[in-house]
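Asks: Here is what each chain is made of, one letter per residue.
2 protein chains.
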Amino acid sequence: MSETVVATRTFTEKLEAARDASITLAACNAALKNAALEAIALAVVDNADRIIPANQLDLANGRENGLSVGLQDRLRLDEKRLASLAEAVRLVATLVDPVGESVRGKTLPNGLQLSQVRVPFGVIGVIYEARPNVTIDIAALALKSGNAAVLRGGSAAENTNRVLVDLIQGALASVGLPRDAVQTVDEFGRDGARQLMQARGLVDVLIPRGSADLINTVVNESKVPVIETGAGVVHVFLDESADESWAVDIVQNSKVQRPSVCNALETLLVHEGSAARLLPAVLGELRASGVTIHADERTRAIFADAVPATEDDWSTEYMSLDLSVRVVDGLDQAIEHIRRYSTHHTESIITNDLGNAERFLAEVDSAVVMVNASTRFTDGGEFGFGAEVGISTQKLHARGPMGLSELTSTKWIVRGSGQVRP
Amino acid sequence: MSETVVATRTFTEKLEAARDASITLAACNAALKNAALEAIALAVVDNADRIIPANQLDLANGRENGLSVGLQDRLRLDEKRLASLAEAVRLVATLVDPVGESVRGKTLPNGLQLSQVRVPFGVIGVIYEARPNVTIDIAALALKSGNAAVLRGGSAAENTNRVLVDLIQGALASVGLPRDAVQTVDEFGRDGARQLMQARGLVDVLIPRGSADLINTVVNESKVPVIETGAGVVHVFLDESADESWAVDIVQNSKVQRPSVCNALETLLVHEGSAARLLPAVLGELRASGVTIHADERTRAIFADAVPATEDDWSTEYMSLDLSVRVVDGLDQAIEHIRRYSTHHTESIITNDLGNAERFLAEVDSAVVMVNASTRFTDGGEFGFGAEVGISTQKLHARGPMGLSELTSTKWIVRGSGQVRP
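Protein chains in written order, with UniProt numbering: chain W, 1 to 422; chain G, 1 to 422.
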């Protein structure tokens, strides 16, 4: 099936080839990168007859190995999904190239001209699970930002990813770019992930995408710098002055619109002064949408149709139609609760009190803090980045939704005319 | 001697106290932080009679344990050095507070107002060796950027650092800030460093300062994100068209002005077309300053007063009056040499050829790339940052000289009026 003609290479040989390819990509203008993206989009749509059978094989293996229904759904590619993947690649082609952007600049008193410009990282490693769409997405984002990508996509999607990477490599070659700019290391199995984490000096940054377990493993074991795209134990706090219709709409949207994603609401905190006023409507609407309420005692005194919350519930990212609910004494206790249980992804306060809004924004230490808005807005697309690499919950390098510019580093350029330091 | 009244605390208790203090600092305005800096500066100068005897004790122990003369010099504090440390702290007080600075912002079509603002990291861990000046420097920089600092300064400076941290804590308390905002964990010995590297979730970023060995250990073992301040195998390339006086002055300045620092020149590459014209003057001047030339054959054919270069020399950071010199075929070979041996700190081309200058700037992948300037300019002070945390040779988060803003993260603030995602 495969058109690959390259003899079997060692892991290090593959990474060195990625490094060489990254040097070509770094010097590549946007027009050529966009031509490669267009070729990838075309290849994805035109080769459904190669992709879908490989995907069917992965799905059959998955069913045999007891892959959950949710993961099976993530794994599945059909013509419609392939078309929307191609559309996403074409969208990346329309984005501004971040490489070469001047971040800061000045002329020093001695005449030296300084400028800090964006440059690609070089080689990006990505470790993910059972999501063939990530293969296309991340290849497109890496390419546009001038980076080579080395992918470990996991055994569950191995056949699909092999075909996708082969198509991407063919598209790269068709415009004269090196095939090695996008590679999979799936043939090394679990050892591929382990070796990627050890490859300091050959891989510039490692991005894990997937379960909390996967991310924790990479964060703890990697010697390569990691960008952590973390879990979301996301909170909304209904303050004493919260508008009822905003409270109902924002909680409903945050929890129910797409419960399986990281920006979905997991814990609702309610000021004791507004609990009786707001909870019946807010929780009633959620129950009507099939949400199971895990509530503390004070909540259940107001809204009986709930199960008792356990200590574990406060730190659980359900990713399902479940919600933890707690009545708090006020803003201080809400902030304290968030400090203790949040994963510092997104938190929103619903309030009409300016002082409380500003305190919440200042004192809650999360990647995204909101006033009177749905937590579902924490998203690269919604933020206008045009694409999303993931949502960083770490503080180093990138925090919150990451777009193309978060896939770049910078370098300082100094232009002189013989200056020496006195 | 010590005024500390706190009962002995566990490592985790100390880090939790640092976390609590960091919350206070994050909300602290610049005026109060500057008052604390002034109190620290005063305390350093006024307490020479406590600091110097402790330092003498460390020096005596150092001599007994065979500490090198160079490290003994770094360890030594006298009244003059204390005065200049205090001056450096006062300089930090004059710098603009990075916290709260708006990095990006926009209003989305649905009316949501987004802004990305600088926030402190939280708790910064610093692991360093035998340099009590770092204790004061990093405390001042951390404080100004709203971060708590947990310091592991090493056994060689333990007595000095204990007094310095006690004075800093007293200064913090005198203006009403928490003493725990600056702490040493030296009492835990080597285990303190090990535990800092494991303290993911309690320490937000770890900065190693010191030898390549120390930095490599931290980079490889830390589970906490690290900012790597790396070694400098720094190159100058004399192109065919290099001006002779610029070549002589820039090489001399880059190598001789302060050979023990990371931005000092270590390897000189010379275009074969200019070697006969430039090397006699360039290397003659260096020899007159006592520099030992480690040269390849083509160099020694032109300039005999040199020892043969070994393969190891090309990757050696001498930090002394030694220089590796190689004649190359041209720009391509120069770039190839740099790609192979450089630590990606700073490289400079001396040329009058515009195309070659631009190629060098674009293709050399180092933190700082220069044309016609001394490599000694890679420095936070020279770049106008007012202070320097170190020079990052990694690509994540910060690259090149780091000032106060590199000690911050960001968060996104979203202000809405009931928006939900369609």
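Among the hints, erroneous ones may be present.
Copies of the same chain look alike in the list, so a pair counts if it works inside one copy or between any two.
Said to hold, decoys possible - Below are the SDA-like pairs computed for lysine to any residue, each with C-alpha atoms no more than 25 angstroms apart in a straight line:
1. 80 to 101
2. 106 to 12
3. 80 to 190
4. 223 to 26
5. 80 to 210
6. 223 to 315
7. 80 to 290
8. 106 to 332
9. 223 to 212
10. 106 to 388
11. 106 to 202
12. 80 to 94
13. 80 to 35
14. 223 to 285
Simulated from the structure, these hints should not be mistaken for lab results.
Asks: Evaluate residue 80 and residue 94 at a C-alpha cut-off of 25 angstroms and name the case that applies: within, between, both or neither.
Replies: within (22 angstroms within a copy, 59 angstroms between copies)
Asks: Could you place residue 80 and residue 101 in one of the four classes (within, between, both, neither) given a Cα distance threshold of 25 angstroms?
Replies: neither (36 angstroms within a copy, 44 angstroms between copies)
Asks: Treating 25 angstroms as the Cα threshold, decide for residue 80 and residue 190: within, between, both or neither.
Replies: Neither: 31 angstroms inside a copy, 58 angstroms across copies.
Asks: Between the shortest in-copy and the shortest cross-copy C-alpha distance, which are at most 25 angstroms for residue 106 and residue 202: within, between, both, or neither?
Replies: For residue 106 and residue 202, the Cα distance exceeds 25 angstroms both inside one copy (33 angstroms) and across copies (37 angstroms).
Asks: Since the copies are identical, ignore which copy is meant and state whether residue 80 and residue 290 lie within 25 angstroms (CA to CA) inside a copy, between copies, both or neither.
Replies: Neither: 29 angstroms inside a copy, 73 angstroms across copies.
Asks: Regarding residue 106 and residue 388, is the shortest C-alpha distance of 25 angstroms or less found within a copy, between copies, in both, or in neither?
Replies: between (31 angstroms within a copy, 18 angstroms between copies)
Asks: Between copies, within a copy, both or neither: which fits residue 223 and residue 26 at Cα up to 25 angstroms?
Replies: For residue 223 and residue 26, the Cα distance is within 25 angstroms only inside one copy (24 angstroms; across copies 30 angstroms).
Asks: Can you tell me if residue 223 and residue 315 fall within 25 angstroms by alpha carbon in one copy, between copies, both or neither?
Replies: For residue 223 and residue 315, the Cα distance is within 25 angstroms only across copies (22 angstroms; inside one copy 28 angstroms).
Asks: Regarding residue 223 and residue 285, is the shortest C-alpha distance of 25 angstroms or less found within a copy, between copies, in both, or in neither?
Replies: neither (47 angstroms within a copy, 43 angstroms between copies)
Asks: At 25 angstroms max between alpha carbons, let me know whether residue 80 reaches residue 210 within a copy, between copies, both or neither.
Replies: Within one copy, since 23 angstroms is at most 25 angstroms while 56 angstroms is not.
Asks: Within a copy, between copies, both or neither: which one fits residue 106 and residue 332 at a CA-CA cutoff of 25 angstroms?
Replies: neither (44 angstroms within a copy, 30 angstroms between copies)
Asks: Taking 25 angstroms as the upper bound on the Cα-Cα distance, should residue 223 and residue 212 be classified as within, between, both, or neither?
Replies: both (19 angstroms within a copy, 16 angstroms between copies)
Going through the hint list in order, the structure does not satisfy hints 1, 2, 3, 7, 8, 11 and 14.
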